[in-house]
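Visitor: The chain contents come next:
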Amino acid sequence: MLRLQINKTRPVSGHRMHGLVLAVALLALAGCKSGPGGNDAGPVADIDLSPATGGAILEGSIGDASNLIPMLAGDSSSHSVASLVFDPLLTYDRNQDQLEPRLASSWDVSEDGLEITFHLREDVRWQDGEPFTARDIEYGFKTITDPTTLTAYAEDYRQVSLFEVIDDFTFKVTYDKPFAPALASWNNLVVLPRHLLEGRDINSATDFARHPVGLGRYKLESWTAGTDISLQANHDYYRGRPYVERVVYRIIPDQQTQFLELKTGGLDMMGLTPLQYSRQTSSDAFKNNFARYKYLANSYTYLGYNLRNDLFKDQRVRRALSHAINKQEIVDAVLLGLGAPARVPYKPGTFWHNDSIEDLAFDPARSRQLLAEAGWNDSDDNGVLDREGKEFEFKILTNQGNDLRLKTATIIQRRFKEIGVKADVRVIEWSAFINDFVDKRAFDAVVLGWSLGLDPDQYDIWHSSKTSEKEFNVVSFADQEVDDLLDSARRSFDRQERKKAYDRFQEILVEQQPYTFLYVAESLPAVHRRFHGIEPAPAGIAYNFERWYVPTALQKHSLSPGG
Amino acid sequence: MIAYLSRRLLGLVPLLLGITLISFMVIHVAPGSPMDLLTDMNPDASPELRDRLAEHWGLDEPLPVQYAMWLKRVVVGDFGNSLSRDPRPVIDKVAEALPVTLVLNLMSLCLVMAAAIPIGVYSATHPYSRSDRAATVFVFLGFAMPTFWLALLCMMLFGVELAWLPVSGLQSLDYNSLGPWGKVLDRARHLLLPVSIAAITSLAGMSRYMRSSMLEVFRQDYVTTARAKGLSERVVVYRHALRNAMLPVITLLGLSVPGLIGGSVIFETIFAIPGMGRLFYSSVMGRDYTVVMGVLVIGAVLTLLGNLLADVSYAIADPRLRRR
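Respectively, the protein sequence lines represent chains A and B.
Note that our numbering has the first sequence beginning at 672, numbered continuously upward.
Note that our numbering has the second sequence beginning at 799, numbered continuously upward.
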């Protein structure tokens, strides 16, 4: 949530649903916890620090949730609350790499990859006491694939040609073609209580959307619109009750206010801005009270070139522009060093990231040479390259309200000027930016971001069939080999085989530079030190939230039950 | 009086119609649609989803038809459901945000009046004195200071450094477990900063208005007459001058009625107050047409009623107007 909302003002959208929900939920949790704070010092040697139930955590949230039915939610606040109330069938582990069981205790993928059989846990109950069965999933599946359901997440489920309930705790799904992202798509989107919702129009079930009955770690206690959302631990949670008894999301839209609340104990956890992390939280007083974490977010920022534009059709020109950009300089100036340069559209340090690729180095001399090879010279000596009487000038567009992107574009503008390329930066309000420029492909270059799903499939963004209006191959990238690789990789369940395909895919992207991949920012949560059991991992810190605890001696009781 | 009132009220109807028509057209013509938040740059959303959403919300009809449909519903008091992911009725959302903003603005308006009238009267009775100049500098400082900056400074001083007041929000998390006096005290502590900061920025206008209006009245013949009669300065100022000097201020008050329901986005964002400003801003950004229209119509009605109210109070304060 931190990344998504602060750095981009609007959520950049995920590649794939499961990725989006997971990433968003994790980030949100990671970015936005907070609790009754105070002046407890850090752990003191002579008190009992063993895990204990009880206590409360106050999290800062930038936006209010809108709808707690996961398949209808569209914002990260809703998904992060919903991820506490509903559990997925399976989820990515702490390394964001392998899938591990949740509501499904196991699953079998048939030899040909066309059939997946899920075996559900038999000890799960809804928070109203009804047993959870395969019929609930069947209901969820039917609802999400129903054309009248206004969900943005139906695509993965539409690939299913047959859904069969075998018995109360087993169901089988059949696909026409093997579809590798299928497995991870069985997340909390289809987990809904049939006994409460069947026969109703889910789109207008606002009572359930605001007071959901789930089966996850927490149950909703109260929700005051625009103010706070309070959740209480589910004592019957099938994986053991969470330690922290109460989670309160306080909706505080301003990050500076959140920070003041954090300092006065009005919050226990929030996502820091790079400025707050590097300049305002280094005092001993702060460090004694709060632990700060940082890990790469599941998103990246890029400069995308419109390949329909004659200026950018020549690969040498795109490589020249990439050579002219100093990515580390952008990370240092824009993120105050709290991020990493990006080479490819995968997160550095993950299984799918191709570590063996050499990025295009910052080398303005090489840029000029490449541009000269492509026919661009400064024949009239005015500092701007020209070819056949036309100067090399274009506009870099980005959306309003995202300061990081604007700064990035400005730094790039200056670097381009040094190689004789004239770039103007234009900032446009989001709706106009997307509808009038990006969707209509009426731009030269854009600074934008994508959030990364946890499945490596990036078909929607790079396949040549996805270039029409409102589709997501916005730069109109088309390469036969990439098409074949993306096609075959999403049809295989063999990790090594997929890895090979995606490694080659990344090599082609680096060679052709349809985007200059710029940076991956870091999430920077701060958590009060009375919370123990936090184990930072590639997935962040929130993946094991139910295992966080406050030792009894450090618990605060300012939040009485029902309060 | 009744004829006057009914004539005025009747005149409001075409005005209101015009306002809704223009607002409706402007917000629908602006680039973007309520579908964007869900479908823009979201590879998970299928292309048909846009069409289905548009159909569901009736946005596939021609604009005039949409306006007619909207008007038909509004006439019977139905503002429709929000076109966002939180599809509750518009009226519910407004009902959540309006009281917060109204109470806050009313309190700050009272504070402004309570401070501006004495400051204005004092400045007028001691024109160009040292204290007049000091008051002028003070109110203009408040006027010139950016609200968000002043708010953050006060939050740091009173909330963090001195820890006297809560930093943000409208009530403590344990509000429901407090006793009745505890609740009042808790609310007061939360309201103190936002109310005073909102007041300080509008103090300048009101107190300067009061001052010049007083000075004007002092030049009038009847004040001279009153003084010539040998009345004490107190009686001259408070009985004869002040009452007449209040007339323009009443106009100003009437004009500030629409402001009472229109919250400020920046202010509400900083203090984490869920008021009208944030509701309106987020619905415009999300192109949530029904909410935008709901807020605008309610705002327009209140503005028009506010103007009417000002005219009526004029009539009460000034008997000459009643006869016309």
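Just so you know, the hints here were simulated from the structure itself, not pulled from any lab data.
You may find that some hints are simply not true.
[Unchecked claim] Below, simulated SDA-like cross-link-like pairs (lysine to any residue); rule was C-alpha separation at most 20 Å, straight line:
(1) B:981 x A:893
(2) A:1137 x B:844
(3) A:1111 x B:828
(4) A:1141 x B:828
Visitor: Each hint: holds or not?
Guide: Here's how the hints hold up against the structure:
no.	hint	verdict
1	B:981 x A:893	holds (19 Å)
2	A:1137 x B:844	holds (12 Å)
3	A:1111 x B:828	holds (16 Å)
4	A:1141 x B:828	holds (18 Å)
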